[in-house]
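**Q** Sequence:
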Amino acid sequence: MSQFDSASFLKTVPHKPGIYQMFNDKQTIIYVGKAKDLNNRLKSYFNNSKKTLKTDMLVSHIHHIEFTITNTETEALLLEQTYIKKYQPRYNVLLKDDKSYPFIKLSKEQHPQLSLYRGAVNRKKDEFFGPYPSGYAVKQILALLQKTFPIRQCLNSTYRNRTRPCLQYQIKRCLGPCVSGLVSDEDYLEQVNYVRLFLSGQSDQIIQKITEDMQKASSELNFEKAVVLRDQLQAIKHINEKQAIYNNNDNLDVIGFHYESGLACIYVLFIRNGQTFGHRSYFPKVPSNTELEEVIETFLGQFYLQGNQNRNIPKKILLNFSLSDKQPIEETLSLIAEHQIKLVDEPKGDNLKLLTIATVNAQTEVKNKLLANSTIKQRYDGLKDFLKIDKINRMECFDISHFMGKNTIASCVVFDDKGPVKSEFRRYNITGITPGDDYAAMQQVLSRRYNKKDLPIDKVPDIIFIDGGKGQLNQALKVFEELEVNWNKNHPILIGVAKGAERKEGLETLFFEAHGKGYYLDDHSPALLLIQQIRNASHDHAIVGQRKKGTKQLTDSALEHIEGIGAKRRQALLKHFGGLRELKNASIDEIAQVQGISKQLAEKIYLNLQQ
Numbered sequence: 001m002s003q004f005d006s007a008s009f010l011k012t013v014p015h016k017p018g019i020y021q022m023f024n025d026k027q028t029i030i031y032v033g034k035a036k037d038l039n040n041r042l043k044s045y046f047n048n049s050k051k052t053l054k055t056d057m058l059v060s061h062i063h064h065i066e067f068t069i070t071n072t073e074t075e076a077l078l079l080e081q082t083y084i085k086k087y088q089p090r091y092n093v094l095l096k097d098d099k100s101y102p103f104i105k106l107s108k109e110q111h112p113q114l115s116l117y118r119g120a121v122n123r124k125k126d127e128f129f130g131p132y133p134s135g136y137a138v139k140q141i142l143a144l145l146q147k148t149f150p151i152r153q154c155l156n157s158t159y160r161n162r163t164r165p166c167l168q169y170q171i172k173r174c175l176g177p178c179v180s181g182l183v184s185d186e187d188y189l190e191q192v193n194y195v196r197l198f199l200s201g202q203s204d205q206i207i208q209k210i211t212e213d214m215q216k217a218s219s220e221l222n223f224e225k226a227v228v229l230r231d232q233l234q235a236i237k238h239i240n241e242k243q244a245i246y247n248n249n250d251n252l253d254v255i256g257f258h259y260e261s262g263l264a265c266i267y268v269l270f271i272r273n274g275q276t277f278g279h280r281s282y283f284p285k286v287p288s289n290t291e292l293e294e295v296i297e298t299f300l301g302q303f304y305l306q307g308n309q310n311r312n313i314p315k316k317i318l319l320n321f322s323l324s325d326k327q328p329i330e331e332t333l334s335l336i337a338e339h340q341i342k343l344v345d346e347p348k349g350d351n352l353k354l355l356t357i358a359t360v361n362a363q364t365e366v367k368n369k370l371l372a373n374s375t376i377k378q379r380y381d382g383l384k385d386f387l388k389i390d391k392i393n394r395m396e397c398f399d400i401s402h403f404m405g406k407n408t409i410a411s412c413v414v415f416d417d418k419g420p421v422k423s424e425f426r427r428y429n430i431t432g433i434t435p436g437d438d439y440a441a442m443q444q445v446l447s448r449r450y451n452k453k454d455l456p457i458d459k460v461p462d463i464i465f466i467d468g469g470k471g472q473l474n475q476a477l478k479v480f481e482e483l484e485v486n487w488n489k490n491h492p493i494l495i496g497v498a499k500g501a502e503r504k505e506g507l508e509t510l511f512f513e514a515h516g517k518g519y520y521l522d523d524h525s526p527a528l529l530l531i532q533q534i535r536n537a538s539h540d541h542a543i544v545g546q547r548k549k550g551t552k553q554l555t556d557s558a559l560e561h562i563e564g565i566g567a568k569r570r571q572a573l574l575k576h577f578g579g580l581r582e583l584k585n586a587s588i589d590e591i592a593q594v595q596g597i598s599k600q601l602a603e604k605i606y607l608n609l610q611q
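For the sequence shown, UniProt numbering assigns the number 1 to the initial residue and increments by one for each residue that follows.
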């Protein structure tokens, strides 16, 4: 590769804010950065006195650089995050956090329903509380609320079609608004208001309100209601004792950062209204020899600017790392949040205690991860010793699954030297074969996977595992003899994995030749444990795909024969109701509420599904 002419290029770069993209000789973006002064920033990459090991490696791969001028540094930061998310450059710190953040939804209707919600928030239609750090946190809170405030959490289709109260009513976890006469609208909305106060973090107000209502019920000689309110009051006080870790009613994100042995952990503690809202640990991909300040800056940008648009950014963000220039990040976050944001790296009092908690947890997470990685390393070293090879960069494993010969699915899972690479797991629909012919299925998936003349070097596995023993291995060897692939290195090692007697783990037989003898490993061998892990991941991936396909066919077949229902309307119906069972329980009026479904078509759908 010809060396990049930095001197000539720098003459064209202005002293203005903007972003820059570095490309390699394959026209792939390998790094995206921002700068207050593009010329000064780019010049630093080619200044020998300021070079780091990471910069040296990056510069050695530069073929050309492109830049975009922006009006302000804030605009540059926003544009940088857009490009990082889109192109995932090799030398950028990358945060894998594409999950949407869940909310608790309180619907606006006669008898409001509580539910977990993901997606765009429409506050005119319903009330939303959150977002929360995980779906698990929401489910825990919903379970707690159901025990304390008995308002309904069932689906609307269930609620509107009941004639008798369900089990939740019998065990006093729902007031039964689905059946007329069980609860008055006034009493139900009173419980809804308690929930609203609870989810808003207004602990003092809810205790005061329940106390007043309890005294009122007692003065009216309604002792049964007073007892219920007394129990609720005790439950709320107990919850507050467990949850309150912070005396003030502030909203904070507390970020503890720890880096050790090439592994970074960022532990975020979410504090809302003085109570812990949950936490989440992040392990960003950090290229070798990256400056720690870049890790923190990039995390803040990706976490808050690339994250869910509904995320509420608190006014204070506590950090255990001092940034040399906080102002651009604060200004950008303030612009997005529409209120002033402060990054605090030297907190005091209670805030310091919270930051210590987050820091200690980040350190613990790194130690646990390093311990797990050492176990993984032992397994990889064991497999390398068994196969007598120097290194393992990539392994792939294939499995076939079908149900009585139908819905055949082939799965391929990928492992690198750190474990499973789930983003590269794939499933293949197998067609055009005799039902139940696993050999033909294996032949088809291997041909589709590898019969590519331009297969990238980094996608060529060192080892390919075939789940199924000698017969399947024989098919794989035949396919590889006919492939027109330029491997660019040694042919991958093919290994057939036959299940042991009674299909017990630890008794697997390994085959390297279609007619050769089998090899056995000790059932406690680290190499065998790794092979089992890979084989089980492939098997599970195939089974899940096969079941999904079967479920989809059953669902589609129930709707396909209805005249006027095409693929888009099927999708709209199932998305609206959440599944076929819920659609079957829906009324004609409810079905007609789906976009694109007229009253006449809704009646046709209803009659067909009832039959």
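Everything labelled a hint here was simulated from the structure, so no lab data went into it. Hints are not guaranteed to be accurate.
Stated by the list, open to error - The list that follows gives simulated cross-link-like pairs (lysine-lysine, BS3-like), each with its CA atoms no further than 27 Å apart:
#1 K418 to K125
#2 K315 to K353
#3 K125 to K139
#4 K353 to K86
#5 K26 to K285
#6 K86 to K285
#7 K26 to K568
#8 K584 to K54
To be verified - The following label-pair restraints were derived from C-beta to C-beta distances:
#9 D325 to N373: 31 to 41 Å
#10 Q140 to L167: 46 to 56 Å
#11 Q140 to N373: 38 to 48 Å
#12 E260 to L352: 49 to 59 Å
#13 Q600 to G471: 21 to 31 Å
#14 Q208 to D37: 23 to 33 Å
#15 V360 to K36: 49 to 59 Å
Every value quoted in this text rests on a predicted model; they were computed, and no experiment measured them. All C-beta atoms in this analysis are idealised placements derived from N, C-alpha and C, irrespective of residue type, glycine included.
**Q** Would you mind marking each hint as holding or not holding in the structure?
**A** Against the structure, the hints:
1. Taking the CA atoms of K418 and K125, the gap is near 46 Å; set against the 27 Å cutoff, the hint is violated.
2. For the hint pairing K315 with K353, the CA-to-CA distance comes to about 18 Å; that is within 27 Å, so the pair holds.
3. Of the pairs offered as hints, the one joining K125 and K139 holds, with about 22 Å between alpha carbons and a cut-off of 27 Å not exceeded.
4. Between the alpha carbons of K353 and K86 the distance comes to roughly 38 Å, so the proposed pair goes past 27 Å and is violated.
5. Our distance criterion of 27 Å between C-alpha atoms is met by K26 and K285, whose separation comes to about 22 Å.
6. Note on K86 and K285: the hinted pairing holds, with a Cα-Cα distance of about 16 Å set against a maximum of 27 Å.
7. Taking the CA atoms of K26 and K568, the gap is about 39 Å. The hint is violated against a cut of 27 Å.
8. As the CA atoms of K584 and K54 are separated by approximately 59 Å, the hinted pair breaks the 27 Å bound.
9. Hint check: D325 to N373, Cβ distance near 34 Å, so the stated range 31 to 41 Å holds.
10. Range check, Q140 to L167: Cβ separation about 21 Å, and the 46 to 56 Å hint is violated.
11. Range check, Q140 to N373: Cβ separation about 29 Å, and the 38 to 48 Å hint is violated.
12. For E260 and L352, the Cβ-Cβ distance of about 23 Å falls outside the hinted range of 49 to 59 Å, so the restraint is violated.
13. Between Q600 and G471 the beta carbon distance is about 56 Å. The supplied range of 21 to 31 Å is therefore violated.
14. The supplied range of 23 to 33 Å is broken by Q208 and D37, whose beta-carbon atoms lie about 56 Å from each other.
15. For V360 and K36, the hinted distance range of 49 to 59 Å is not satisfied, since their beta carbons lie about 35 Å from each other.
Going through the hint list in order, the structure does not satisfy hints 1, 4, 7, 8, 10, 11, 12, 13, 14, 15.
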